[in-house]
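**Q** Protein chains in written order, with our numbering: chain A, 1 to 471; chain B, 472 to 791.
Please keep in mind that the hints were generated in silico from the structure rather than gathered at the bench. Predicted, not measured: the structure shown is a model, and the values here were computed from it. Quick reminder that beta carbons are idealized off the backbone N, C-alpha and C, glycines included. Don't take every hint at face value.
To be verified - Straight-line distance between alpha carbons at most 20 angstroms, and here's what the computed SDA-like set of lysine to any residue pairs gives: (1) B:510 <-> A:95; (2) A:445 <-> A:383; (3) A:168 <-> A:179; (4) B:637 <-> A:101; (5) B:510 <-> A:116; (6) A:117 <-> B:782; (7) B:637 <-> B:695.
What the hints assert, rightly or not - Here are the simulated distance ranges between beta carbons: (8) A:53 <-> B:561: 55 to 63 angstroms; (9) A:60 <-> B:689: 36 to 44 angstroms; (10) B:543 <-> A:53: 54 to 62 angstroms; (11) B:789 <-> A:156: 49 to 57 angstroms.
Stated by the list, open to error - Footprint (simulated), chain A over chain B, 3 or more residues, beta carbon under 8 angstroms: (12) 674–686; (13) 720–730; (14) 739–746.
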Amino acid sequence: MRANWKSLSIKLWLTIITAIILSVLFAYSLSQYYYKNLYVEKLKTDLVNEASLLGADYSGGEITDDFKQKVEWFNSKNDSEVFVVNNPRELSACLPFEINYDTLISEEERQMLLEGKAVEKEGYEKRFEKNIVAAIIPLIDDDRLEGIIYTYIPVDSITVLLKEFAAKWIAAVLLFLIVAIFFTTKWLKKLISPIKEIETAAHRVSEGNYDIQVQVRSHDEIGKLAQAFNDMANSIHLEEERKKEFLENVAHELRTPLSYVKGYTQAILDGVVKNDEEERKYLQLISREALRLQRLVGDLMDLSKLDSDSFVLHRTPIAFAQFIEDVLVKYESIIKEKQLDLQLQLDPDPIIYGDEGRMEQILHNIFDNSIQYTESGGSINITLIQHKEDCELMVTDTGNGIPEADLPYVMNRFYRVNKARSRFDGGSGLGLSIVKKLVELQNGKIEIESKVKRGTKVRVVLPTIKEEWNS
Amino acid sequence: MKWGIALLLAVLLLTGCTSSNTFTKINKGESFLATVNIKDTSLTFIDENYHAFATWDISEPFTGALLLADKDTILIYGKEMEKVQAYSLSAGKLINSWEVGKGIVNMQLLHDGKSIVAVNQSNHSIYFFNDEGEEQDIVKVGKSPLTVLQGVEENRLYVINFGDTKCSVINLETKKVDFEFPIHSSSTGSLLREEKDEIWIGGHGDGDQVEENLYIYSASTGELKSKLKAPTMPIKFLENDDGIFVLSHGTSSLYKLNDQYEEVKSKVVGVNPFEMANFKEDVVVAGYDSDEVYVMDTETVDVKKTIKVGEGPFQFMLRE
Chain A
1 MRANWKSLSI KLWLTIITAI ILSVLFAYSL SQYYYKNLYV EKLKTDLVNE ASLLGADYSG
61 GEITDDFKQK VEWFNSKNDS EVFVVNNPRE LSACLPFEIN YDTLISEEER QMLLEGKAVE
121 KEGYEKRFEK NIVAAIIPLI DDDRLEGIIY TYIPVDSITV LLKEFAAKWI AAVLLFLIVA
181 IFFTTKWLKK LISPIKEIET AAHRVSEGNY DIQVQVRSHD EIGKLAQAFN DMANSIHLEE
241 ERKKEFLENV AHELRTPLSY VKGYTQAILD GVVKNDEEER KYLQLISREA LRLQRLVGDL
301 MDLSKLDSDS FVLHRTPIAF AQFIEDVLVK YESIIKEKQL DLQLQLDPDP IIYGDEGRME
361 QILHNIFDNS IQYTESGGSI NITLIQHKED CELMVTDTGN GIPEADLPYV MNRFYRVNKA
421 RSRFDGGSGL GLSIVKKLVE LQNGKIEIES KVKRGTKVRV VLPTIKEEWN S
Chain B
472 MKWGIALLLA VLLLTGCTSS NTFTKINKGE SFLATVNIKD TSLTFIDENY HAFATWDISE
532 PFTGALLLAD KDTILIYGKE MEKVQAYSLS AGKLINSWEV GKGIVNMQLL HDGKSIVAVN
592 QSNHSIYFFN DEGEEQDIVK VGKSPLTVLQ GVEENRLYVI NFGDTKCSVI NLETKKVDFE
652 FPIHSSSTGS LLREEKDEIW IGGHGDGDQV EENLYIYSAS TGELKSKLKA PTMPIKFLEN
712 DDGIFVLSHG TSSLYKLNDQ YEEVKSKVVG VNPFEMANFK EDVVVAGYDS DEVYVMDTET
772 VDVKKTIKVG EGPFQFMLRE
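Generate coordinates for the entire structure from the input sequences, incorporating the hints supplied.
**A** Structure, rendered in structure tokens:
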């Protein structure tokens with residue numbers, strides 16, 4: 001582990017070790033407290049029991065020497081100190097007179113003893129000049145406190161015991177700490193290593209190396225982070241590819257019309273043109289290519305706007321059927337020219353909330369494509385149906401159709417089904433991707449179904465608004 | 472009408488407040504034996520038929536009470552009390568208090584019925600008051616004086632110094648210490664037999680030594696005349712027609728002696744008794760730890776009756 005105090009592993013390590021040490025210390029003090037208390041309580045009970053058993057031999061009257069000797073004999077065989085006191089002065093009998101003498105028992109204790117209760121003591125006793133745990137039981141004859149049995153154990157012995165206990169404790173704790181530190185360090189290393197891997201990988205991504213992948217070993221947060229990192233790297237990679245492709249496409253698309261313009265212009269300038277008719281033909285070609293360039297640049301600007309957040313839709317309620325019919329008016333002549341059979345089934349109900357200009361752009365694009373790719377004598381069917389909360393526009397043609405392999409990509413930028421014939425189709429290859437974007441911006445969706453040689457069906461679903469808008 | 476009710480309520484309220492400081496009234500003609508109970512600081516009044524009939528629960532740390540010559544005023548005193556308090560028995564309330572300062576452990580009424588002697592342990596002095604509580608004289612004596620005894624014939628006051636090993640004898644005429652004589656330590660309790668030139672002094676003993684004897688000194692010279700065995704810790708003496716009674720609290724024993732100081736009877740009585748008195752024809756003993764008063768037959772020294780009193784009866788106060 002590197003000695004970098006700011007590193008996460010050191011912080012985690014310190015936190016865990018501190019927590020372990022604190023809990024050990026807490027457990028130790030708690031155990032000391034309970035040990036001492038339970039032990040002392042047990043000791044007191046034992047002392048009271050011992051004294052009570054001895055006291056049971058007292059049969060009343062003056063305390064005899066025989067009784068005292070018995071207790072003395074017991075004392076000699078026993079750990080605790082036991083003795084009988086029958087000196088009234090020691091028993092605080094003279095207390096109202098404030099005799100200048102430290103009695104063995106206090107006035108309160110005397111009162112308790114007179115009531116027949118045992119007295120338990122703990123603390124420093126001046127008489128014995130040591131800390132003791134003591135129990136006193138009264139020897140009562142006819143309410144008279146004839147004497148007491150005093151039994152005590154010096155607390156020093158408990159302290160010694162506690163010290164012994166503490167030594168063992170500390171040894172065990174040290175062992176535990178060493179083991180805990182060892183395993184914590186190992187575990188933390190294992191835990192942190194994927195993060196380090198991700199860090200290294202992130203550096204490499206920032207250097208432009210996008211195909212790097214971090215190994216996902218676990219399913220915890222770090223595992224998920226690694227997975228997310230991999231996804232992110234993939235996305236960046238893809239985006240980079242797309243950007244590259246897009247630029248290539250743009251360059252390619254611009255180059256062709258430019259070379260036409262350049263070529264014909266040069267031809268005119270060089271005087272290669274034989275007559276006015278030919279010159280006019282060349283100028284028409286130049287104009288057409290300039291128009292293509294203009295449309296291409298316009299589409300590119302549209303796309304760039306659509307991609308940015310600043311794109312604003314000016315939405316108004318639109319009676320969709322009427323709107324479609326209005327747009328179709330512009331196609332009357334070309335339809336007639338191409339002898340196409342146009343079938344309309346438009347439900348007048350749907351009212352959509354959309355940007356008129358953008359809706360027109362969408363319809364133009366779809367109709368353009370249908371008309372363009374349908375041979376003379378074919379038919380185009382336009383249907384509008386109101387559903388519960390949305391409406392569905394279907395434009396079905398009997399055109400060339402799109403090969404199945406190309407179908408998923410037709411709405412990608414610059415994607416062309418027939419790469420070879422593209423230049424004269426007039427499209428920039430951006431139309432459908434702009435349509436898709438615009439439909440989505442108006443909360444709708446667009447789908448294309450197609451079969452080669454059979455025709456294509458374009459479905460546009462858009463949300464409708466309620467009747468109130470009408471009124 | 473409303474005013475009347477309000478006034479009535481006010482009067483009830485006021486009397487209610489004042490009555491909380493009054494005690495059971497003790498009729499003037501009534502004889503009683505009262506115990507001063509120092510553990511619960513109360514007075515228990517017992518009538519001639521040995522029935523406790525009143526308890527005064529006084530919230531003062533008092534250790535003694537003295538009945539004055541008017542047989543109605545009692546003085547309450549204690550070492551920790553700043554003032555000596557005067558109560559009227561018949562009114563059952565505090566009527567006066569004397570500013571004497573802390574340290575009073577004993578008070579006695581002298582035979583003239585006017586002078587009051589107060590033993591002050593805080594400055595080891597004897598104070599003389601008139602019955603109005605005015606200080607007349609102060610006489611310095613030995614350490615921690617406790618027991619005082621008036622010798623009528625010689626007009627003397629014997630002061631037994633509990634914390635000292637001497638007895639101070641004050642001339643009541645001159646209010647000066649006439650002479651002092653050595654006595655044993657922790658001495659208390661005394662009996663003056665002037666006709667025999669004897670002063671009997673008991674005690675508790677010294678250190679862990681328990682006093683077994685009572686000492687008889689010459690009342691005029693202070694010379695130790697004799698020692699009598701009275702185990703253990705004789706602290707109270709009494710003489711009547713039946714003999715001399717000695718109360719030893721260490722063994723809770725009551726001894727009855729004849730003229731020749733021979734023990735004629737002895738009895739274990741009470742629990743840790745400190746106080747004994749003549750009441751009517753009987754000898755009464757108070758058991759400090761048993762909270763009881765024992766009425767003894769003076770002839771047989773048998774307990775005739777036991778009366779429960781307050782906690783820690785330490786002193787008697789009689790009115791006959």
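**Q** Falls inside 49 to 57 angstroms, the C-beta gap from residue 789 of chain B to residue 156 of chain A?
**A** holds (55 angstroms)
**Q** Given the hinted pair residue 117 of chain A and residue 782 of chain B, is their Cα-Cα distance within 20 angstroms?
**A** holds (18 angstroms)
**Q** Given the hinted pair residue 445 of chain A and residue 383 of chain A, is their Cα-Cα distance within 20 angstroms?
**A** holds (16 angstroms)
**Q** Given the hint that residue 637 of chain B pairs with residue 101 of chain A, does the C-alpha gap stay at or below 20 angstroms?
**A** holds (19 angstroms)
**Q** Are there three or more residues in the segment 674–686 of chain B whose C-beta lies within less than 8 angstroms of some C-beta in chain A?
**A** Three-residue rule met by the segment 674–686 of chain B, so holds; n is 6.
**Q** Regarding residue 543 of chain B and residue 53 of chain A, is the given constraint of 54 to 62 angstroms on their beta-carbon distance met?
**A** holds (57 angstroms)
**Q** With a C-beta cutoff of 8 angstroms, work out whether three or more residues of the segment 739–746 of chain B approach chain A closely enough for the coverage to hold.
**A** Coverage by chain A holds here, the residue count being 4 at a Cβ distance below 8 angstroms.
**Q** Can you let me know if the beta-carbon spacing of residue 60 of chain A and residue 689 of chain B is within 36 to 44 angstroms?
**A** holds (42 angstroms)
**Q** Check whether three or more residues of the segment 720–730 of chain B sit with their beta carbon closer than 8 angstroms to a beta carbon of chain A.
**A** holds (count 4)
**Q** Would you check the hint for residue 168 of chain A and residue 179 of chain A, treating anything up to 20 angstroms between C-alpha atoms as holding?
**A** This hinted pair holds, its Cα atoms lying about 17 angstroms apart.
**Q** Straight-line Cα separation of residue 510 of chain B and residue 95 of chain A no greater than 20 angstroms?
**A** Satisfied, since the Cα-Cα distance of roughly 11 angstroms is no more than 20 angstroms.
**Q** Given the hint that residue 637 of chain B pairs with residue 695 of chain B, does the C-alpha gap stay at or below 20 angstroms?
**A** Cα-Cα ~12 angstroms, so holds.
Comparing the model with each earlier hint shows no violations; every hint is respected.
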